[in-house]
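**Student:** Chain by chain, the residues run as shown.
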Amino acid sequence: MVISEQPKYTKADFESDNDVRWCPGCGDYAILSAVQQVMPQLGIPKEKFVFVSGIGCSSRFPYYMNCYGFHTIHGRALTVATGVKSVNPELSVWVITGDGDGLSIGGNHFLHAIRRNQDFKILLFNNKIYGLTKGQYSPTSEFGKKTKSTPMGSIDTPINPISLAIASGATFVARTVDKNVKHMMDILKQAAEHKGTAFVEIYQNCWVFNDNAFVSYTDKDVKSDNSVYLEDGKPLIFGNNHEKAIKLNGFHPEIIKVAGSNNPLIHDAKSEDRGLAYVLGQMGVENPGLPVAFGVLRKVQRPTYQELLYGQEEQAKQKPKGSLEQILNSGDTWVVK
Amino acid sequence: MVISEQPKYTKADFESDNDVRWCPGCGDYAILSAVQQVMPQLGIPKEKFVFVSGIGCSSRFPYYMNCYGFHTIHGRALTVATGVKSVNPELSVWVITGDGDGLSIGGNHFLHAIRRNQDFKILLFNNKIYGLTKGQYSPTSEFGKKTKSTPMGSIDTPINPISLAIASGATFVARTVDKNVKHMMDILKQAAEHKGTAFVEIYQNCWVFNDNAFVSYTDKDVKSDNSVYLEDGKPLIFGNNHEKAIKLNGFHPEIIKVAGSNNPLIHDAKSEDRGLAYVLGQMGVENPGLPVAFGVLRKVQRPTYQELLYGQEEQAKQKPKGSLEQILNSGDTWVVK
Amino acid sequence: MSTTQTKIVKKTESLEEAVIRFAGDSGDGMQLTGGQFTTSTAIVGNDLSTLPDYPAEIRAPAGSLAGVSGFQIHFSSKDIHTPGDALDVLVAMNPAALKANLQDLKPGGMLIVNTNAFTETNLKKVGYAKNPLEEESLTTKYQIFSVEVTRLTQNALEDLKLSAKLVDRSKNMFALGLMYWLYSRPMEPTIEWVKKKFAGKPDILEANLRVLKAGYHFGETTETFISHFEIKQAEIKPGKYRNITGNEATVLGIIAAKEVTGLELFLGSYPITPASDILHELSRYKYLGIKTFQAEDEIAAIGSAIGASFAGGFGITTTSGPGVCLKSEFINLAVKTELPLIVCDIQRGGPSTGLPTKTEQADLLQALFGRNGESPVPVIAASTPSDCFETMLEAFRIAIKYMTPVFFMSDGYLANGSEPWFIPSVSSLPKIEVKYRKEKEGFAPFVRDEKTLARPWAIPGTCGLEHVVGGLEAEQVTGRVSYDPVNHDAMVKIRAKKIANIENDIPELKILNGSDKGDLLILGWGSTLGSINAAIEKLLENGHKVANVHLRHLNPFPKNLGAVLKNFKHVLIPEVNLGQLRLLVRARYLVDAQGLNIVSGQPLKVRDIVEAAEKLLK
Amino acid sequence: MSTTQTKIVKKTESLEEAVIRFAGDSGDGMQLTGGQFTTSTAIVGNDLSTLPDYPAEIRAPAGSLAGVSGFQIHFSSKDIHTPGDALDVLVAMNPAALKANLQDLKPGGMLIVNTNAFTETNLKKVGYAKNPLEEESLTTKYQIFSVEVTRLTQNALEDLKLSAKLVDRSKNMFALGLMYWLYSRPMEPTIEWVKKKFAGKPDILEANLRVLKAGYHFGETTETFISHFEIKQAEIKPGKYRNITGNEATVLGIIAAKEVTGLELFLGSYPITPASDILHELSRYKYLGIKTFQAEDEIAAIGSAIGASFAGGFGITTTSGPGVCLKSEFINLAVKTELPLIVCDIQRGGPSTGLPTKTEQADLLQALFGRNGESPVPVIAASTPSDCFETMLEAFRIAIKYMTPVFFMSDGYLANGSEPWFIPSVSSLPKIEVKYRKEKEGFAPFVRDEKTLARPWAIPGTCGLEHVVGGLEAEQVTGRVSYDPVNHDAMVKIRAKKIANIENDIPELKILNGSDKGDLLILGWGSTLGSINAAIEKLLENGHKVANVHLRHLNPFPKNLGAVLKNFKHVLIPEVNLGQLRLLVRARYLVDAQGLNIVSGQPLKVRDIVEAAEKLLK
Ligand SMILES: Cc1ncc(C[n+]2csc(CCOP(=O)(O)OP(=O)(O)O)c2C)c(N)n1
Ligand SMILES: Cc1ncc(C[n+]2csc(CCOP(=O)(O)OP(=O)(O)O)c2C)c(N)n1
Ligand code: SF4
Ligand code: SF4
Ligand SMILES: [Mg+2]
Ligand SMILES: [Mg+2]
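Protein chains in written order, with the working numbering: chain A, 1 to 337; chain B, 1001 to 1337; chain C, 2001 to 2618; chain D, 3001 to 3618.
There could be a bad hint or two in this list.
As the list claims (entries may be wrong) - Simulated pairs of lysine-lysine, DSS-like, Cα-Cα distance not exceeding 25 Å:
1. D:3125 to D:3165
2. B:1145 to A:195
3. B:1321 to C:2240
4. C:2569 to D:3165
5. D:3438 to A:8
It should be emphasised that the hints constitute simulated quantities derived from the structure, not laboratory data. Remember, it's a predicted structure, so these values are computed and weren't measured experimentally.
This is chain A alone, in the form it adopts within the complex:
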């Protein structure tokens, strides 16, 4: 993105004059505010931002940003974003989706956008529930979850969005939580700066239909025992007094005491092997008993879809095959007199 002139924005520049219509207490507010605070720091002209969303409470997001936006249809935001970014790679494209939108109906586009390394950001608001349709279980709801559509409890094993993103070859994968605005802003900034698909899972509290789903990671009494904040090149240390660490036993992470430390695991977000990020992403989600990892799990570089697309175009332009006139007149032609 070539930036000629860097306008100075404030948060207010990114606030639209549409009434925000989420329930009072919804975690979406914090995310909106974090995004509005990060935008002015990116040095990108406001008119170059595009917010594309699907359908869901979370997907109302674009209405509240004073930017270009497209509130598309359920589960399909990534496909629209693909077209937007492909014809105008100058734009900064942000996709807003929910756990239902992005992983239930939209699961296929999720994995294909990621494997192509489409050059946009994906913010997945994971509240482990369908909010807008009033409380059915979602692909991230816990096994056994009782909801309107599962009165005896869900019998589906949930998806871990991070595992799926990594298996799809994601180049940037991170996790954060609505209540930790500072962390969220840091992650959003890193995502913005990443070239290629940046996938950010945001734990988001749905106050009405699934309150306290993430209380283990937000309640001040317990959060430090249940969360480990990743820093690249640093050991995985957590606990109220930073007294615990993670160590690997084969592929299995285990909790150890920092005191008398036995080689705590050192985070390496840039590792070409996906194994580490995969195992870290599973902690506390697919592997209970372990803290959940927040922060950037993986951040590697490979050419983006748009770079490759325009690269081929450039290459083709080196050997143009003819003007419209010539194209029309190609093939076996003959003249009738």
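Go by the hints and put chains B, C and D with the ligands onto chain A.
**Tutor:** Relative to the frame of chain A, chains B, C and D with the ligands by itself:
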């Protein structure tokens, strides 16, 4: 499945009288023959088999089996199989799909069927190409692959079906290849006996549009160097003279000499941690330079969707809430005289 | 205003009917209030019809226009058909509710407002520069009753030491109590309900009862209201009744059909407004062996239902318009493989996401034509909330007898609207015969029943009938894949004929009101029935030679539709779309049918139909 | 049979026209043979029309009926319209080809067979108990020419030491050479083509040329054929021509529109027969900046195209019927957000997977109505292979001028069939104006152009015009989300009016043949044009007062359609469906139009139209 009487079948019992219409030389023939040979060994009455497929060359499979079959629509076979198995759990349901059918248009159903542990077998014929539509690249085609729709080469990083299956929580994951009929039959038998989703990737040569895609694993001169055949509880040894083995360096598999062996990696298909299977599945596919692993990568038990579904039903039947008469008369009723 | 305890004897006026609406913030519990009022009204024996109106937002900002929730009920001592065009009473819990609803109040109607909510902030939120209650335009046009609902509620609960939130949430009970008094309804049903619902929460239980009674006594004692009303019991067929919404009736229809046929029932669905409640409700009947599957999307939902039908169960899928788009490829597979299936389309405002919580009838042509190729399906539509029950049984009958997918059409208005329902006895339900093919002799997947043209239902597990079905064209009888030109033409025509022939197996159309010849016939389908019936009554009263018929079967049409149309000079087809049935009728019968087409997300108004009819009659 | 080198002087008969078909196994190269014959025929200056017929299988078992591949060409010294109903010459390379095609050969027609392929095994494969060439029923009905094509090919290549496979694959060249001789076509174009194509493979090059010439000389020298034919140059407009298929013309139309508009062009597609070739072809024009994206499915394909249009590019998506099903939800989003987009539906046999390689016209009502809610879109259809070019330009014009998705309808017959095309000069192409909104002043996303009712195209990156679009109903002008009833009704009607108004901006319908009053009007659309034109010529010859008009615009209709219809006693609408246009015409104009509806996966036969017309005229 309760089997009262075990009819004795031969391969011929599973051959339909429809003309087989694949191209001569197509790998599909070998798979068909392997399946027809395995069926008689399973002790299941023939009328209880159902073959469900999508659309593609591979998906013509049901026509050639003398069983119940449903040739559905492109990418959606798993959804139909879900309904079949849910209303009649006595059936042995086999889904036949291709790399395009199962992973491109059908990718979402793939991950959701697997996470639910639907009790059926998925045979994915991976020929790394769209056969039926005459040669476009597929989600498993190599980066840079030139096809009818990618004259300058594909710019999509391929999907590894095994990685995706594992990230989706698959309980049985295996890989085999059309030319190794004996191995294929062994894998098919294990898949048949697994309770829950059994996912089998079958490398299949498309003679017309992508010939020799798997020659590294089938050509007798090179195959032993490029393939490692997994056996549960056994070290990963390969090479023409069984002279090479795999060892782990952190998450990264490396090739070592067997002689003077430094702890070759021992396969553990039943490990609850998915990490091992994930890393094995990547070998040679996402991690070049390593041999590709054939055999059963993962085989664990968790309740199947149908067990859970009927389990809840049984539980609910313990506390029946009323007959139709009572249901109709429930709610606030009043009598008009 | 005083809350004195002196009891004043008040006048009771007798009325024939009334239309009232509770309106407030989404958080104010208006749907619940309306529901309770409905129950008591039903028990009193009035005929009734209701119309809830939800906001699209889960919980829009408190006090905003977007957050207004309303519940309308029309009740009467006579037979009625609609929730009513205009209101006799509007209860407005805040300025937003006033602003959003006032236009529907009859001139001279009663406006009961919670004045405590008319604060400056709240007024500003909805753009009132001044308090409208003080505007002459209002005070002269309506009877305004200013009630300090919030404060009176607080007073009633003062000594209970409840949280402010809880106190605030009880104020709907005040409004309810007041309206009970105003229309002389018994409080007992609500008292019972509160006791049951809050059995484990004595605080809330006590609070609700106190406030309910406070509202009632407020009416009785304060001087604000000088009289109250009584509406006699309607003359309705004796028997047992319940109040029922369209979605509830749809669910009961499915359960009844399951019991009548004895089939495994499998619902494959994906949540979508206004269809989701069918999924929710049905998922509570696991003990009957009913299977509900919340799929990953609409495609998987219908795919699983088709799989269920192939395996010998009965597959249903429920959705609304955008979901129908996604299901269309699979519906075609069911058409081609000739499997029984019901697709329930609970129509909402379109196109695209449109107006998810509003009603519309604009998916009819989609149901008929929204698929590639020639793809005939029977389409039937319910016309009132309770009619969803019978219509669903009819959908099952056709699907099974003719081995075909069937479209069941309802809409947002039917789905959430309610009416009293005469509870049928189980023995009175239609019999639906199910025959699986068992005999090998002469079996082929596409041999057809001579009369119905249906193919056999031969299910996996049946020894000797192994066969494969699929989406490619099939050879007649054998069902083998066939690319033969003559065969394709024949199959296209057989599929069409099979569905067209159903006209011989459905009741002829009956004139509902008026006589069978005249100047104007009003032809309708679906949820417009109530408005049309009411309009016809008016038109007959006004001395016009009018009549109406209403279609349950949209494809095929009843056999005598053409003949019925020919007996009238004019034909008017009112629809909440731009003329979809009209297109079909004009094409088929070459009759110059005219339309009344108001697509506002709301049921048609009786007065609009009357007006359109009288214009044609001029 | 002798291969003597003595040259015999043979008679040359002059003919007006001929219909021939090459038929053989999929592996026999019949499509290539037909393509070469077409080129030479075009160069001779005949008018021509072709019809390839592929099997659905990639490569069905050799010698099986399912594997038969055919290529038909009709060529003439006069103007012609169709590939012909019946064959003058059938070239059958094996028994399967004979069996599958014989019914189309005219009595007395020439049957040229490769007798070497009539082995017992091959005969058995297709169920011939005896060699049919020896059956009296054949020998008396047709002129049979038994040629040992395989052996003669082997002879010609004896000394080259090629693999048996290669030798076998060359035998189509023998048939081609023979037919060149029979119809006095020059071999040079094919010789040039072989030289270019096999430049790097001297063996194959040599083999092909030798066999081609061997075939030619065989005709010249052997006594089997006593005369050959000559067909004079047709009187066609002077200028430069090329032969073109519908899919090729579609691609050129897209490229031309891209160049004319200067827009970024983005094709989002997912492979499906018979549309895939458009994706393949277009992907070769990266040097023009044309972007093609093979998406993961049809939904992603159209979604990306809509994203492209939102961002200021031009989005296209290409598919066939089953893909249209999947795209319908997104088409609705484009309707609601009013973005330019072209949806190309290359129709094939349906319903469901149907007959993927066959033609049909049965998606018309799907295009018009296959979405929830009121969702108006312009629909236009090409009528001949080359007409796809102009029709595509028209689709662009409408999409951009009116800010709307447009359906472009073609079908399997147009897609793969070919005809000579007068190559237009670039300067003669229509201008299509593109205006992005730039001015802030007075901007709102849904302010409309007074005349076209189009909203502005304001694209991301434009400072000051930031706005959000989406699928929820929008307030007029501002485009904000609105649940207001009156607004919804107004928006539904504005969207409908915008599309209906296009009737003022499209040419009036012209009578193509016959005069503008008479007994019978034949009304058609799409690929039936050729057959209808030919039928009308016959009917006029037979002295009937008939005429025909043909629709490019199916929605809206040309303004004068109603008036045109009124001038005829009867109206006949021949369609390869069960009467879809007929339904629309009857509904709109209340005209008792009759249909001719043969849905066999093939273009309509001229004789069937003539027959249907004459029946009506009785
Ligand atoms: C095609 C289609 N199917 C279903 C729906 C109904 N629907 C809207 S949002 C939603 C789920 C939303 O869940 P999620 O993405 O988790 O968002 P949240 O509301 O929780 O933020 C559903 C099922 C729809 N709008 N369109
Ligand atoms: C909805 C729909 N889209 C596209 C197609 C066209 N189509 C048929 S098969 C196929 C791809 C097949 O690829 P794969 O699954 O790999 O099967 P293979 O032929 O290679 O065995 C496609 C795109 C279709 N039939 N239906
Ligand atoms: S329903 Fe839940 S997710 Fe939706 S706005 Fe309310 S609190 Fe937020
Ligand atoms: S095209 Fe390829 S995959 Fe299909 S039948 Fe032929 S060889 Fe097999
Ligand atoms: Mg959610
Ligand atoms: Mg494939």
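**Student:** If a hint holds in the structure, say so; if it does not, say that too.
**Tutor:** Here's how the hints hold up against the structure:
1. With a C-alpha separation of about 21 Å, the suggested pairing of residue 3125 of chain D with residue 3165 of chain D holds against the 25 Å cut-off.
2. A C-alpha spacing of about 24 Å is found between residue 1145 of chain B and residue 195 of chain A, which places the hinted pair at or below 25 Å, so the restraint holds.
3. Of the supplied pair hints, the one linking residue 1321 of chain B and residue 2240 of chain C holds, its CA atoms being roughly 20 Å apart against a limit of 25 Å.
4. For the suggested pair residue 2569 of chain C and residue 3165 of chain D, the alpha carbons sit about 76 Å apart, so the restraint of at most 25 Å is broken.
5. For the proposed pair residue 3438 of chain D and residue 8 of chain A, the alpha carbon gap of about 22 Å is at most 25 Å, so the pair holds.
In summary, the structure is inconsistent with hint 4 from the numbered list given earlier, while agreeing with all the others.
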